[in-house]
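Visitor: When you get a sec, could you build the whole thing from the sequences and use the hints?
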Amino acid sequence: MSSSETRILPHAAPPRPLPGVPRLRAVPRSQEPRPARPRLAELLVRRGIISTEQMQAALARQRHRELPLGEILLAEGAITEAQLLDALAWQYQTSVLPADAAPPDPEPGIAALMPAQQAARLSAVPLRRAGVALVVMTDRPDRKAEIAAALAHDGPVLLALTGRARMHQAITATYGAELARLAEARTPGSYSCRDWNAPLATRRGLAALLALVGAALLAPALVVAVLFGMGVLIAAVNAALKWMALHSLSRPAPPPKAATTSLSPFPALPVVTIMLPLFREPDIAGHLVRRIARLDYPHELLDVLLLIEAGDDTTRAALDRATLPPWMRAVIVPPGQPQTKPRAMNYGLNFARGSIVGVYDAEDAPEPDQIRKVAERFLKAPPEVVCLQGQLDYYNPHHNWLSRCFTLEYATWFRLMLPGVARLGLFVPLGGTTLFFRRAVLEEMGAWDAHNVTEDADLGLRLVRAGYRTEIIETTTYEEANAAVLPWIKQRSRWLKGYAMTWATHMRDPVRLWRDLGARRFIGVQVQLLSTVLGFALAPVLWTLVVKLFGWPHPLDRFLSTQGYVGLAFFFLACQALTMYAAWRASALPRHRGLRLWIPVLDIYFILASVATHLGLGELMVQPFHWRKTAHGQFSRGGQAAEALQDQTLPASSFSRTSNAVDR
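Going by the numbering used here, the sequence shown opens with residue 246, and the numbers climb by one from there.
In case anyone wonders, no lab produced these hints; they're calculated from the structure. Keep in mind that the hints are not guaranteed to be accurate.
Once the Cα atoms are required to be at most 30 angstroms apart in a straight line, the calculated DSS-like pairs of lysine-lysine come out as [said to hold, decoys possible]:
(1) Lys874 / Lys735
(2) Lys618 / Lys502
(3) Lys793 / Lys487
(4) Lys487 / Lys502
(5) Lys625 / Lys502
(6) Lys618 / Lys487
(7) Lys625 / Lys874
Guide: Set out below in structure tokens:
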């Protein structure tokens, strides 16, 4: 800084530094910021770094942004990070940490002065002692009061400013191992499945299987009749839920509830953190970055975290070849167990900047106006609405018969069933992507259960138990349909294993679950989770009835007359008709209508789900936390179809993608 610039500022000269310590000012806990502190915008103008017009434009943008002025100017390219840090150092009467300064002191007592999660949240790391003072490095001097309060230190606090990338490195180096350990057990134990006893489950499962085989040897007809009766009952319950969901959508939709007061949950457009867990994904520089870059939301308000496992050489090599935009950054997840998507997200949550947190998968292609819709709904929604679930669709539905059936199933699930159960007031089993949360509530709930392989459905149930609501928002994300039989079965086995695990975890205390949910939602959980798993598991028993079409004997002959068989036939035909009607109704969009000819094939398709269910139930006994990874990019041509669908859904009126224009 030149001497002429120094004379412009009305500050006294900074004090002489202590030996080996940057030139800093102490921040006493009880002392408030100086009233005479210059505003950052004025300071930058007086130094000639920005013009008056740039200052006015940035201030106008700040009125509509949940973002500090310095970050707006940085995102616009109006200033450099070095210029911002230097100005902040003068504004807050401290100094910038030199580039050659030593890393944080390895002395264990230094790091322990601030809890790991607090250090990540406040973006601050204790650096070293300077006599009775403690030097803390940070890139957020505006949080100095919170930083001082979080420290287990009674003496003065000296702030040393540094850039965001260096700050991230310091937090990772100092607290990474502890943050990774905390990510494994972030969800409270009473709501987590991490204490699942696999050996005990194995013993119980084998005992039940031996008991069933023994009973079948003694009274085979009776066993078949009991299992058949259970299958029919579950089929009836599942059909009733489907009919109720469809019927609820036939009534006029109630107007969306708005906040009861004029105070918005966010005072301005919020920063939105998007977490993208990646594992063995070789294409970062290509379609992934391009799809996310098409999001029509101010890029300075986007905070995209690429969550990469430390041992994932494939993705890390792709990252080295990629040039990421400034609003997208990589977060390396330290080694740990279990190595799952929810654990990676729990770790990444420590580094999130946004007050809204969203989740995408690696192959996702969201509609460009999706984040805008999410932000607008959160601004207007009442505070009990803490989660928004978008709709999922496929960009390769015509790859083969399996992808066609998969698309029909997803259309039924996301366009009929989820909106229907939400309108019925039941719990919404969240999908694993296109989810958006109020961050404060997400952290309050303990984020994701790192051990649950359907962490999304589990979190949806925990939100309902706490009295919060999920809404289905009218926006679509396109994915790649799994179009090979074996990978499809493996993927579905994980989902159904997670459903069973989620049900068992929350049913450990059924009385408490009843009190949390009430009778209607409690019964709904039994239908939505338990009946789904048992329905697929018992389906092969129901299929045995096909022998009656050929006049062959069946064990039920001892219990059913001809009229009974006719009644069963009508029941199954009614269930089939309901399933076909739901698929027909869900495929009303122009891009889905060509799939309607494949609706009769859904019966064959669901046979695979029964196979997957038995595989998943078996894994509960031997590999309860094993995460079957779904390979991406196997059944589409590089994602051109996804980007074409994104282009078709560009909004007519949207936020400017450029960061130079002032908000309308």
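Visitor: Each of the hints needs a verdict: does it hold here or not?
Guide: Consistency of the hints with the structure:
1. Lys874 / Lys735: 8 angstroms, holds
2. Lys618 / Lys502: Holds, at about 15 angstroms.
3. Lys793 / Lys487: 28 angstroms, holds
4. Lys487 / Lys502: 25 angstroms, holds
5. Lys625 / Lys502: 8 angstroms, holds
6. Lys618 / Lys487: 28 angstroms, holds
7. Lys625 / Lys874: 37 angstroms, violated
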